[in-house]
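Peer 1: In case you want the letters, here they are:
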Amino acid sequence: MSDDHGKFVLERDHVQQLLEVLLRQGYGVIGPTVRDGAIVYDTVSSIADLPAGWTDEQAGGSYRLSRRKDQALFGYAVGPNSWKRFLHPPVVRLWQAKRQGDRFEVQEAVPEDRKIAFLGVRSCELEAILIQDRVFVHGRQVDTRYQSRREQVFMVAVNCAQAGGTCFCASMNTGPRVRSGFDLALTEVLEDGRHYFVVEVGTDAGAEVLRELPHRPAQHAERESADQVCAKTAATMGRTMDTVDIKDLLYRNYENARWDQVAARCLTCANCTMVCPTCFCTTVEDVTDLQGEHAERWQKWDSCFTMDFSYIHGGSVRSTPKSRYRQWMTHKLATWIDQFGTSGCVGCGRCITWCPVGIDITEEVSAIRKSEPDKNAKQNHGNP
Amino acid sequence: MLEAPRVPASPHPMVPQPWCVRRSWWETEDTFSFSMEPHHGSPTFQFSPGQFNMLYVFGVGEIPISISGDQAKGETLVHTVRAVGATTRAIGSLQPGAQLGVRGPFGSSWPVRQAMGKDLVIVAGGIGLAPLRPVVYEVLASRPKFGRVCLLYGTRTPDDILYTKELQKWSKGADLQTLVTVDRAGQDWTGNVGVVTTLIAKAEFDPDHASAMVCGPEVMMRFTIRELEKLGMRSDNIHISMERNMKCAVGFCGHCQFGPTFICKDGPIFRYDRIRHLLAIREM
Amino acid sequence: METLERIVADHSFARGLNARHLELLAGCASNVRFAANQVAFREGEEANEFYLIREGKMAVELHAPERGSINILTVGEGEVLGWSWLIPPYRWSFDARAIEPTRAVALNGKCLREKSERDSELGYQLHKRIAQIMEERLQATRLQLLNLYEIHA
Numbered sequence: 001m002s003d004d005h006g007k008f009v010l011e012r013d014h015v016q017q018l019l020e021v022l023l024r025q026g027y028g029v030i031g032p033t034v035r036d037g038a039i040v041y042d043t044v045s046s047i048a049d050l051p052a053g054w055t056d057e058q059a060g061g062s063y064r065l066s067r068r069k070d071q072a073l074f075g076y077a078v079g080p081n082s083w084k085r086f087l088h089p090p091v092v093r094l095w096q097a098k099r100q101g102d103r104f105e106v107q108e109a110v111p112e113d114r115k116i117a118f119l120g121v122r123s124c125e126l127e128a129i130l131i132q133d134r135v136f137v138h139g140r141q142v143d144t145r146y147q148s149r150r151e152q153v154f155m156v157a158v159n160c161a162q163a164g165g166t167c168f169c170a171s172m173n174t175g176p177r178v179r180s181g182f183d184l185a186l187t188e189v190l191e192d193g194r195h196y197f198v199v200e201v202g203t204d205a206g207a208e209v210l211r212e213l214p215h216r217p218a219q220h221a222e223r224e225s226a227d228q229v230c231a232k233t234a235a236t237m238g239r240t241m242d243t244v245d246i247k248d249l250l251y252r253n254y255e256n257a258r259w260d261q262v263a264a265r266c267l268t269c270a271n272c273t274m275v276c277p278t279c280f281c282t283t284v285e286d287v288t289d290l291q292g293e294h295a296e297r298w299q300k301w302d303s304c305f306t307m308d309f310s311y312i313h314g315g316s317v318r319s320t321p322k323s324r325y326r327q328w329m330t331h332k333l334a335t336w337i338d339q340f341g342t343s344g345c346v347g348c349g350r351c352i353t354w355c356p357v358g359i360d361i362t363e364e365v366s367a368i369r370k371s372e373p374d375k376n377a378k379q380n381h382g383n384p
Numbered sequence: 001m002l003e004a005p006r007v008p009a010s011p012h013p014m015v016p017q018p019w020c021v022r023r024s025w026w027e028t029e030d031t032f033s034f035s036m037e038p039h040h041g042s043p044t045f046q047f048s049p050g051q052f053n054m055l056y057v058f059g060v061g062e063i064p065i066s067i068s069g070d071q072a073k074g075e076t077l078v079h080t081v082r083a084v085g086a087t088t089r090a091i092g093s094l095q096p097g098a099q100l101g102v103r104g105p106f107g108s109s110w111p112v113r114q115a116m117g118k119d120l121v122i123v124a125g126g127i128g129l130a131p132l133r134p135v136v137y138e139v140l141a142s143r144p145k146f147g148r149v150c151l152l153y154g155t156r157t158p159d160d161i162l163y164t165k166e167l168q169k170w171s172k173g174a175d176l177q178t179l180v181t182v183d184r185a186g187q188d189w190t191g192n193v194g195v196v197t198t199l200i201a202k203a204e205f206d207p208d209h210a211s212a213m214v215c216g217p218e219v220m221m222r223f224t225i226r227e228l229e230k231l232g233m234r235s236d237n238i239h240i241s242m243e244r245n246m247k248c249a250v251g252f253c254g255h256c257q258f259g260p261t262f263i264c265k266d267g268p269i270f271r272y273d274r275i276r277h278l279l280a281i282r283e284m
Numbered sequence: 001m002e003t004l005e006r007i008v009a010d011h012s013f014a015r016g017l018n019a020r021h022l023e024l025l026a027g028c029a030s031n032v033r034f035a036a037n038q039v040a041f042r043e044g045e046e047a048n049e050f051y052l053i054r055e056g057k058m059a060v061e062l063h064a065p066e067r068g069s070i071n072i073l074t075v076g077e078g079e080v081l082g083w084s085w086l087i088p089p090y091r092w093s094f095d096a097r098a099i100e101p102t103r104a105v106a107l108n109g110k111c112l113r114e115k116s117e118r119d120s121e122l123g124y125q126l127h128k129r130i131a132q133i134m135e136e137r138l139q140a141t142r143l144q145l146l147n148l149y150e151i152h153a
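Chains as they are written, first to last, in the working numbering: chain A, 1 to 384; chain B, 1 to 284; chain C, 1 to 153.
Just chain A, with the same shape it has in the complex (with noise of 0.2 Å):
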């Protein structure tokens, strides 16, 4: 797609340009801002709410964020949020009842309509999109709000300037350099006092918007300098996972001795569910007020890390920390790939950057890993 529509230079004054392009067709820009001493996405408006001269220092429960010698837009790698929180909001109301009698009439929740735009998706941020995708929409069942929500989005992509101190992309096979799926793709070049993106387009509504801005074809050098960047960052990676035969590895070890191990380290705080791009976990509440003639349902995040995730018949199913971190990261891992095709990981690091304990999922893989003799994988309970 992209060779079709080839690559342009877009100085990064111009950026300010972008956002106004898009919020007069009728975006609401969501973009990175610093906020709370992270990178939080929210509505931005011009270039100047994006954290200029910031990047972050992630480490295994550790995040931090320091100035940069330079004033790049996109120095960082992820913040706490993806732009799940966008496309499969925390709360979402998704009808409400009103009682008559005997009698109780439901009335749908219409979805709110509105496109939104999305400033500086991390290659890995873009495949979690589309692994959410094959969640709700690529199945027999198809979530119409999902569905919706996500058609609207305008893409803006960005190339990973460095890895993340968790990052593990590579690996996973889904960055650092943006492959499709996006709009308009920004790879950002800082050298011999220049300052400037390389812009890729991936759709006919992203040379739209590139029509509206000053841009010019991209020299050789440039090329190159953007390709160097990318290369750099996928030598550069904090993590690494072996992923060769990772399904059946899990699914031979369920008894491993590995998991009292990290269950021992397991607060199940399910801050990994909660910063993970991919987890789709919700739970459905029904509500009423105290007269008992509204009533609403809505349907909210929840995370397999709690007890009562698995509650049936006065107890629950996976009632030690053990089985729930077993589950979450067989699932992430594992079960994923045969439920959805693809791995549920994309290699972002968010779990072990904030996990309070600093469980790192790739060092868990290669324990488990390591546990096996040499030779043949020795066969154990859950060996389909």
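Because the hints were derived from the structure by calculation, they are not lab data. Glycine included, each C-beta is placed from N, C-alpha and C at the ideal position. Misleading hints may appear alongside valid ones.
[Unchecked claim] DSS-like mimics (lysine-lysine), calculated; alpha carbons at most 25 Å apart, straight line:
1. K265(B) to K247(A)
2. K98(A) to K300(A)
3. K300(A) to K202(B)
4. K202(B) to K169(B)
[Said to hold, decoys possible] A short list of chain A residues far from chain C (calculated; beta carbon distances all over 12 Å):
5. K69
6. V110
7. E112
8. R134
9. H220
10. G314
11. S316
12. R318
13. S319
Fit chains B and C to the supplied structure of chain A, relying on the hints for placement.
Peer 2: Frame of chain A, contents of chains B and C only:
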């Protein structure tokens, strides 16, 4: 192949359709059945045996309940409910004419068609008889298409026996070997006493040429399968009904996951050989 | 260092066995230890051995999804754990877990079955003892079933 689940034709799968309670009656001290008719719209409700609906009581909550009625009588929709929590008790106290919200039918179904031409063993434990009753209805409606058919039903005490009149009717009239047992009984009971697996030895069927459909508490199903396999039944001829926490019933909320399966759409009916490895893992 | 034969002979299971049978039994025996909480076997696994408990305590358990592992019986010092090795299809019906550090003699079921086929007197002696244990356990189970401590209105 399992019968394909029918995707309900509702405006949005999370919006309940209005149905009205027609009649409700207590089967035992804590379990009742009730019939419903649609408030408006389609006069018949199409479902396959083993499927379930999400039943919503205004202002109280929503729960998954297997359909326990006869799909040939689609004008009324029948469910059997054990009153153990707020929502189930609320349904139990609804009067005729009261409205309930219904979403469904959901899930996979018992492979009744696939069971034709062979013997059929139906093993039910406790409330597990409810999702199997539609199978009995369907089998009796096409009885000549099946070989020998046995219904083995076990429950706690004689007071907990469901559908007593029908069981009597089947054991006397229909060409259906009906065996009932209880875990304990008083002096008045002259029937079998012993856990339901003890009925398997009494059942008349050819294990080499039979299908089995088993529903009840998971432990009961595990032990029933052991007995069936001891007789030589193949694991791909045995189907069971699984249960897990359910919220949306359409595969989006993630609660009902059992290994890689979603019980709401890949189940609740599963061919045993496909999930036997999952059943062996604790806290799955 | 006690010989295995001596250890087996000391256990109540072996009481009354003649020297030849004791020797045959010891020939299929080995010492085992279970740490506290260690799982000895799981439901569905091949039942290849049974255990003469010398010291400690084992729990016979059944796992139900919403209840977790239910302890239905404990087997301690001087008692015997496991008879599934004797009854086809030779698979454990329950789980067994050590509640405390436990020392036991493991007797190989396959080995004993084979020896019993050749020496039916040995087979008879083993079956007699296992039948006794089964009778005790069945009695106990029946009484447990009655839920005697509940108030039955």
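Peer 1: Please verify that the nearest CB of chain C lies beyond 12 Å from V110(A)'s CB.
Peer 2: holds, 39 Å
Peer 1: Would you assess whether R134(A), listed as outside the interface, keeps its beta-carbon beyond 12 Å of every beta-carbon in chain C?
Peer 2: holds, 29 Å
Peer 1: Does the structure keep K202(B) and K169(B) at a Cα separation of 25 Å or less?
Peer 2: Roughly 20 Å between the alpha carbons, so the hint for K202(B) and K169(B) holds.
Peer 1: With the threshold set at 25 Å, check whether the alpha-carbon distance from K265(B) to K247(A) stays at or below it.
Peer 2: Roughly 22 Å between the alpha carbons, so the hint for K265(B) and K247(A) holds.
Peer 1: Beyond 12 Å on every Cβ pair: is that true for S319(A) relative to chain C?
Peer 2: violated, 6 Å
Peer 1: Classify the label on E112(A) as holds or violated, using whether its beta-carbon is more than 12 Å from each beta-carbon of chain C.
Peer 2: Fine: 40 Å to the nearest Cβ keeps E112(A) off the interface.
Peer 1: Checking one constraint from the list: CA of K98(A) to CA of K300(A), max 25 Å. Satisfied?
Peer 2: This hinted pair holds, its Cα atoms lying about 21 Å apart.
Peer 1: Measuring Cβ to Cβ, find out whether S316(A) lies farther than 12 Å from everything in chain C.
Peer 2: violated, 7 Å
Peer 1: Is it correct that the beta-carbon of K69(A) has no partner in chain C closer than or equal to 12 Å?
Peer 2: holds, 55 Å
Peer 1: Find the nearest Cβ of chain C to the Cβ of R318(A) and say whether that gap is larger than 12 Å.
Peer 2: Violated: least Cβ distance 9 Å, not greater than 12 Å.
Peer 1: Are K300(A) and K202(B) close enough, with their CA atoms no more than 25 Å apart?
Peer 2: violated, 51 Å
Peer 1: Decide, holds or violated, for the assertion that all CB atoms of chain C are farther than 12 Å from the CB of H220(A).
Peer 2: holds, 63 Å
The structure shown violates the earlier hints numbered 3, 10, 11, 12 and 13.
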